[in-house]
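Asks: Here is how the chains run, residue by residue.
There are 2 protein chains.
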Amino acid sequence: MSAAHELVLSDEIVSAVDAIQGEATEFLKTIVAIDSTLDKGEEEVQTTILKLLQETLGSGADVEASGAKSTQPNCFDVERIPVILDKIKDKRGFSPVDWNYDESKFNVVASYQGGSSDGSEGSNKALLLQGHVDVVPANESDGWTHPPFSPIIKDGRMYGRGSGDMKAGVVAMIYAVIALRRIGYLPRTNLTICTVIEEECTGNGALAANHTSLLPFSDTTKTAVIIPEPFNFIVNAQMGVLWFNAKITGKPCHVLQTSAGSNAIEGAFSLFAALKVLEEKYNEPSNRHAVYEGIDHPVNFNLGKIEGGNWASSVPSSCRFEARVGFWPGIKIEDVKRDIESTLNDEANKLGLGLEIAYRGFQADGAILLPDFVGGEASGKKSLQTDFVDSLQKCYKTASAGDESNAGRKLLVKPITCTCDARFYSNLYQNSDNVVVTCLGPESDSIHGVDESVSLKSFRDCMVTIALFINEWCGLEKEETQ
Amino acid sequence: MSAAHELVLSDEIVSAVDAIQGEATEFLKTIVAIDSTLDKGEEEVQTTILKLLQETLGSGADVEASGAKSTQPNCFDVERIPVILDKIKDKRGFSPVDWNYDESKFNVVASYQGGSSDGSEGSNKALLLQGHVDVVPANESDGWTHPPFSPIIKDGRMYGRGSGDMKAGVVAMIYAVIALRRIGYLPRTNLTICTVIEEECTGNGALAANHTSLLPFSDTTKTAVIIPEPFNFIVNAQMGVLWFNAKITGKPCHVLQTSAGSNAIEGAFSLFAALKVLEEKYNEPSNRHAVYEGIDHPVNFNLGKIEGGNWASSVPSSCRFEARVGFWPGIKIEDVKRDIESTLNDEANKLGLGLEIAYRGFQADGAILLPDFVGGEASGKKSLQTDFVDSLQKCYKTASAGDESNAGRKLLVKPITCTCDARFYSNLYQNSDNVVVTCLGPESDSIHGVDESVSLKSFRDCMVTIALFINEWCGLEKEETQ
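Each protein sequence line maps, in turn, to chains A and B. Residue 20 in UniProt numbering sits at position 20 of the first sequence, with consecutive numbering throughout. Residue 29 in UniProt numbering sits at position 29 of the second sequence, with consecutive numbering throughout.
The following block holds chain A by itself, in its conformation from the complex (with noise of 0.2 Å):
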C-alpha cells in the first residue's frame, strides 16, 4: 500500500465519519434516553444495539427471530450472548452479586471473520472494541439542569447520564464500523463489536464475553482490544476496586438514654474515618506503584451510599453503607479485604459496635494494561504495544487535524484511577504477546456525576481514530457487490 493510496484512503474515512454524525448522533441520544442503570434498561439498550447492528453490519434479517447464525457473506454475526452465573461464578475476575443472572442480561456480539474470503490475511492480526451500556444511577433531584434521560444538545456536547460513559464511545466504535461499510469497506482481518453489560458494578459481563468462544483471540493472533471509555488519552493502566458494604449494630434507645457508641449512624461515621486513615496509607509514597508516579491522591475510598435509622427522636440502631476502595495494581484483593475487615473490626470493637461486612459487586485486581509505557513513553524496545500506541497516535492525530486547539496533539499515556474491563484484557488474564488493551474514547465532563456531558466533536474524533484505526491494524478491503 503506497503513501499516496493511504492518503486518499485516510480522507474517504474521515469523510465517511464525517457523513455519518448526524445518524450517529441521533442513535446516540436514543441509548442516552434509556436508563439503564443495574436491573433497569440494560436489557432495552442491549436490544437496541442488536437492532443497530443486525440491520447495519450483519444479514439485516431479524436475528431475534431467526436465531440462527447469518449465511450470507461479508456479513458480521450479530449475537446475543446470555451472562450466565453458573459459567462465570468460578472464574478468577468474578465479582460476587446479589441479584439473579436472568434472560434480560445478556452481551451483544458481532463478529467478522475477515480474510475468509481469499484466506491470505487476516490470521494474524484481529481486533475487538468493546464498550458497556449501563450506566450509574442519576437522580434528577441532585441538581440536574435537564433531566438526566431526556438527553439535550447545548455548545456542541450533549448532556445525559451515559452520555460520556460510555454510551459515545460505544456508538463511536459502533459508527466507525458503520461508515467504513457505508463506502463499501469491510476489515481484511477478524473484527468483533462488544458490547457488555454491568461495567459499573462487577465486570462480569466483560468477564462472561471472555469465556465465550466469540473474541478473537488465538495463539496466533496479535489481537488489539480498544475500550472507548470516556478517556481522552491511551490508558497504561487501571487501578484495582473492591465494594463491600458495613451493617452496623448499635444500641438502640429513647434519645434520652443517648450515651457515646450506641448511636450506629455515629459509629458508621468513626468507621468510615479510621478507613480514611487507612486511605492515607495507601497513598503514601512509600507503598504508591510506579505508574501512578506523580498522580494526586491516586487511591481514594468512597462512601458511596448509607443509609440508617427510622426516626428522629430513636438512637438509630441500624446503618448500612457501601463503600468503594481503591488499591495498586499488583495488590491481591484478600490483603484489601484483610486490612479493610481488621480496620473496621478494630475500630468497632473499641466502639462497642455490632459490624458485619459483605462483599458484592466489585473484586477488580489492578492492572498494568500497557507494561511497556509505565512511564508514559515506551520504554524503547518496539512491541506489540509500541506498535498499538503508535498507531492509536497517527491515527488520533489524523482524526483531529481540522481542530485548530487540538491538531496534531499527541495523546497523553497515562494510567486512570479507577477500574474498568480493560483489565481483562492485561497481561493478568491474556498473554500479552498476543493482545494487547487500551481505553481511549471522547471527552467527557462529570461522568457519575451531576450534568454529565460528552463533547461531540471528541465524539466524532473518537470515531475517525477507530475507524483509522480499523484500516490501520486490520486493514482494508472492499465489499464484493453481492
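Just so you know, these hints were derived from the structure itself, not from any lab. Treat each hint with caution, since some may be false.
As the list claims (entries may be wrong) - Derived pair list, reagent style BS3-like, types lysine-lysine, alpha-carbon separation capped at 27 Å:
no., chain 1, residue 1, chain 2, residue 2
1, B, K478, B, K222
2, B, K29, B, K40
3, A, K394, A, K247
4, B, K397, A, K276
5, A, K332, A, K281
6, A, K276, B, K276
7, B, K276, A, K350
8, B, K394, B, K382
9, B, K350, A, K276
10, A, K414, A, K350
11, B, K222, B, K381
12, B, K350, B, K382
13, B, K337, B, K276
14, B, K87, B, K40
15, B, K394, B, K410
16, A, K222, A, K350
17, A, K247, B, K247
18, A, K247, B, K276
19, A, K478, A, K222
20, B, K410, B, K457
21, A, K394, A, K89
22, A, K350, B, K281
23, A, K281, B, K350
Said to hold, decoys possible - To spell it out: a stretch of chain A is covered by chain B in this simulated footprint if at least three of its residues, at any positions, have a beta carbon under 8 Å from a beta carbon of chain B; those stretches are:
no., segment
24, 342 to 352
25, 442 to 455
All residues carry an ideal CB built from backbone N, CA and C; glycine is no exception.
Please arrange chain B on chain A, whose structure you already have, making use of the hints.
Replies: Only chain B this time, still in chain A's reference frame:
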C-alpha cells in the same frame, strides 16, 4: 369520709383493679399488636379503644353508628374528635408537618360529667387522664428477640413496641376507671379520658384536644392531669425538642475525581460533628436550667435517620438527615433554630456544600410541669401542686404496698430529658392556679429501642395508683342502679 371508710374503700379499689388485670393485660396485648407508627395503625388503635370505652364506660350503643351523644345517665360520652389542620395550624405549640390530616387522624375522648346528679360537688375539681397511642418505628431486623408487634409475656414483662411507651399507661388509666365502675363507682367530679395521636412526632394530637371544649378545664375548676408515660417517677419538667432535616448537596462526580468536601455523606458527618459542639455548649453548667441539676447530659442531639448516595463508585451528590435537638425549658425555639442554622451554614460554607434546612415535626417548648418542685422536693408552701403530688405519693404508696422490694417507696420527683404532651398542660399553655400536670407511669425498659418492655407488676401498680387517685381527687359515688 372517715379514716375507716377510706381504708375499706382503698382495699375495695385495690381488689377491683387486681380482679381486672387479666382483661387489661389482654387488651394491652391487643393494642401492642397494632403497629401504630405514624400513618400506620393510629386509626386502628383509636377505633379499638373507642369501642372498649363505649362498651365499658359509655352507653354501650354503637357510638360510631349513632354518632350522637349518649343520653343515658351514669355514662361517659365517648367521642371521636378529628384532628383538623385548620383548627390548630396557627395555634401556639403547633408542629409543622408534611402529611395530611384526614379522617384517619383523630383523638378519642370519653368524658364524664360528675356531680350532675345532686349538684353538691363536682364543680371545683376535675381529672384528665391522657395518653398517646402512636409508637415509634420498630424493625425486627434491628435485633428484636421476638417480632415487635407480636407481644409476648416473659418473666413478668410484656415485650413489644409501644408496650411501655405508652400503651401500658393508656390501658392502665382506662382500666382504672373500668375497675371502679365494675364495683359500682363513678367519680363525683368531671373525669375525662383522652387518647391522642402523634405524641412521638408533633404533639399535634394533644394540641387539637386542647382546642376542643371537651377537656375538663374552667376558671372555677382545679384540674389534675395525669399522663402515664413510662416514667416510674413524678415528672417535674421536660426538655424542649426541635426536629429538623438537612439536605446536603456536594459536587457529585466519579470517585476517580474524589476530593475533600464534595462528598455529601462525608459532608453530613462534618455538619453533625459541628452540631455536637453546640450540644456540648448547651450542656455546659453555666447554660444549664436549675431543674436539671445533677442530671447527666440532659441536652441530646440525635442524628436519627440518614440517607444518601446511590452507588458505591459515585461520589454522593446528596445526603439527607433528620435530627432531634434538645434544649432547656425557657429557651425560645426561634433561638435554637438560629443556633442550628448558623452552626450548619458556617460548616457548609467552609466545606463548599449546599445546604437546605427544613423543619418538620416537633417544635416543642421545654416546660416546667411542677414549678413548686424544681429541686425535686416541694419548696414549702402548700399549693395545688403539693396537693397533687402528695395525693399521688399516697396512692402510689398504697398501690405498691404489696411489693416487698418496693413497699412504701416514695416516688422521686425529677425531670425527663425528652418531651411529651404534658407541656400543653404546663403554665406555658394553662393557668397553673387551676391546672396541674405530671407524668407517672409503669416502669419500662428500652423505649424507642429493641426489645422494649413494660413490667406488668408496675402496670398494675400504676392502674391501682390512678384508681386510688380518682378517689382522692374526684371522690367516688355509688352508681345508682337504673
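Asks: Now tell me, hint by hint, if it's right for this structure.
Replies: Here is what the structure says about each hint:
no.	hint	verdict
1	K478(B) <-> K222(B)	holds (23 Å)
2	K29(B) <-> K40(B)	holds (18 Å)
3	K394(A) <-> K247(A)	violated (51 Å)
4	K397(B) <-> K276(A)	violated (57 Å)
5	K332(A) <-> K281(A)	holds (16 Å)
6	K276(A) <-> K276(B)	holds (21 Å)
7	K276(B) <-> K350(A)	holds (20 Å)
8	K394(B) <-> K382(B)	holds (16 Å)
9	K350(B) <-> K276(A)	holds (20 Å)
10	K414(A) <-> K350(A)	violated (41 Å)
11	K222(B) <-> K381(B)	holds (17 Å)
12	K350(B) <-> K382(B)	violated (56 Å)
13	K337(B) <-> K276(B)	holds (15 Å)
14	K87(B) <-> K40(B)	holds (23 Å)
15	K394(B) <-> K410(B)	holds (9 Å)
16	K222(A) <-> K350(A)	violated (55 Å)
17	K247(A) <-> K247(B)	holds (23 Å)
18	K247(A) <-> K276(B)	holds (23 Å)
19	K478(A) <-> K222(A)	holds (23 Å)
20	K410(B) <-> K457(B)	holds (17 Å)
21	K394(A) <-> K89(A)	violated (40 Å)
22	K350(A) <-> K281(B)	holds (26 Å)
23	K281(A) <-> K350(B)	holds (26 Å)
24	342 to 352	violated (count 0)
25	442 to 455	holds (count 5)
Of the numbered hints listed earlier, those contradicted by the structure are 3, 4, 10, 12, 16, 21 and 24.
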